[in-house]
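Number of protein chains: 2
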Amino acid sequence: MLERPHTLVPLTFFADRYESAKSSISEDLTILKRTFQDRGTGLLETIPGAAGGTRFLPYILKDEAQEVVNKLIEEMSSDTRYLPGGYVYMSDLLGSPATLREIGRIFATQYLNQSVDAVMTIATKGVPIAQSVADFLNVPFVIVRHDTEITEGSTVNVNYVSGSSTRIEKMSLSKRSLRPDSNVLIVDDYMRGGGTVGGMISMVEEFDANLIGVGVVAESTAPNGRTIGDYTSLMRVDAENNTVVSQPGNYIEKIFN
Amino acid sequence: MLERPHTLVPLTFFADRYESAKSSISEDLTILKRTFQDRGTGLLETIPGAAGGTRFLPYILKDEAQEVVNKLIEEMSSDTRYLPGGYVYMSDLLGSPATLREIGRIFATQYLNQSVDAVMTIATKGVPIAQSVADFLNVPFVIVRHDTEITEGSTVNVNYVSGSSTRIEKMSLSKRSLRPDSNVLIVDDYMRGGGTVGGMISMVEEFDANLIGVGVVAESTAPNGRTIGDYTSLMRVDAENNTVVSQPGNYIEKIFN
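In the order they appear, the protein sequences are chains A and B. Start counting the first sequence at 1; every next residue gets the next number (full-length UniProt numbering). Start counting the second sequence at 1; every next residue gets the next number (full-length UniProt numbering).
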């Protein structure tokens with residue numbers, strides 16, 4: 001059940017597996033429910049009736065979320081992460097399973113009560129974020145690419161203006177990857193001008209799908225404002241003069257206040 | 001403990017968390033150990049002494065592994081997956097959290113008793129595989145790229161011959177991403193001629209690291225043989241004349257026989 005979050009498991013499954021009566025399973029689940037709630041691991045939702053069962057919705061509480069954000073900020077605030085041109089090295093964080101799990105749980109909490117059908121991101125560094133969020137929501141994720149690869153079949157292409165460079169770029173997504181009317185959550189690792197995220201929003205529209213939200217791990221202070229309206233960020237990270245400065249993003253305030 | 005596989009958790013952690021004596025925790029763990037073993041979920045390893053504790057090593061048993069491989073083969077054997085030029089569409093499988101969890105568990109089982117320090121893959125479609133295997137082994141994963149991106153900092157570049165096209169291509173990996181002498185496991189989604197995997201093997205050598213193994217989800221029947229010696233594959237998938245033919249790879253035979 002923990003491995004299949006957001007999926008309804010019928011009581012008969014547990015009864016068969018543990019060879020016990022449904023009533024005692026039901027009691028055990030009540031204990032588990034209380035434990036999860038006390039611990040802030042998630043919500044155990046029970047739906048009565050023949051078609052009913054129980055469903056685990058993982059979430060994170062404010063204190064733990066705050067802790068995760070603080071830890072991320074601390075890790076990011078190292079000048080060794082500074083890269084020429086005002087860029088920041090964060091590939092190591094996006095390659096750490098423990099960090100990714102925390103990021104996934106944080107964003108999954110935000111969309112706990114919304115029906116998300118797919119998580120969308122852009123290659124390459126958005127992929128680990130998307131996979132982790134999708135894992136906690138137990139929905140598929142789709143990868144938009146900068147190049148068109150033959151193994152994607154027919155694709156839908158979108159042109160967008162890269163905010164930081166004011167160049168026109170292209171992104172493509174396999175036609176098979178999204179159904180019309182899907183509810184799509186966009187995630188990415190870093191947002192500067194918002195051009196890439198804007199491109200993905202156009203992509204969602206091209207597929208006649210619905211945008212549910214935008215979540216980024218880090219955003220920079222946008223120099224000329226952003227074209228993206230509503231989004232959530234865990235951190236605000238800026239790199240200038242060989243220094244990296246990290247502060248909290250809008251997540252905690254937006255979700256818990 | 002389940003969320004941090006391969007990590008030693010001291011008994012005192014459980015004693016503090018559940019406010020009970022170490023002896024009763026120890027009894028509970030024995031029950032858990034038996035349950036895990038009966039169910040084939042994994043191994044609970046207990047190390048005695050003051051520096052000791054308990055560690056969860058997830059694995060998969062032969063029957064379940066066989067089931068996972070059969071399910072993959074069934075899903076792959078659809079002619080709608082055929083793409084012009086003898087390519088196969090499998091992005092949907094690589095975007096399904098449930099499938100990825102199974103693939104991760106399968107490869108993690110193979111390297112259960114070996115010390116793996118990092119999982120290496122190449123962008124874009126290898127990333128979900130690497131993340132899932134790394135998650136089960138609880139080690140970081142690193143992403144080799146075809147392009148050199150500014151946010152990677154200084155990189156090490158390797159030229160390789162793409163087997164299928166006999167073109168010379170370039171791959172690069174951030175210098176910061178691997179420590180010398182690391183034990184590296186290479187994974188990828190699909191192997192044709194083996195040129196890309198061969199390039200990654202050269203990359204491992206460039207970093208003075210050690211190659212532990214190579215695992216691919218699918219391999220094609222190599223037309224002119226392969227340059228790669230030892231590897232593990234879950235499936236053998238060939239696409240010809242608008243048809244996709246899938247068979248078991250060498251995994252089950254290699255690991256369980």
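Careful: at least some of the hints might be erroneous.
No distinction is drawn between identical chains; accordingly, a pair holds when it is met within one copy or between any pair of copies.
As the list claims (entries may be wrong) - Using 30 Å as the maximum straight-line C-alpha spacing, the simulated DSS-like pairs for lysine-lysine come out as follows:
(1) Lys71 to Lys254
(2) Lys170 to Lys62
(3) Lys33 to Lys22
(4) Lys22 to Lys175
(5) Lys62 to Lys254
(6) Lys254 to Lys22
(7) Lys170 to Lys33
(8) Lys33 to Lys71
(9) Lys33 to Lys62
(10) Lys175 to Lys254
Hints were generated in silico from the structure; no laboratory data involved. Predicted model only: the values in this text are computed from it and were never measured.
Results for each hint:
1. Lys71 to Lys254: within (19 Å within a copy, 42 Å between copies)
2. Lys170 to Lys62: Classified as neither: same-chain Cα gap 39 Å, cross-chain 45 Å, threshold 30 Å.
3. Lys33 to Lys22: Cα proximity of Lys33 and Lys22: in one copy and across copies (16 Å, 25 Å).
4. Lys22 to Lys175: neither (45 Å within a copy, 56 Å between copies)
5. Lys62 to Lys254: within (11 Å within a copy, 47 Å between copies)
6. Lys254 to Lys22: neither (41 Å within a copy, 42 Å between copies)
7. Lys170 to Lys33: Answer is neither; intra-copy 47 Å and inter-copy 52 Å both fail.
8. Lys33 to Lys71: Only inside one copy: Lys33 and Lys71 sit 28 Å apart there, 33 Å across copies, limit 30 Å.
9. Lys33 to Lys62: within (19 Å within a copy, 33 Å between copies)
10. Lys175 to Lys254: neither (34 Å within a copy, 37 Å between copies)
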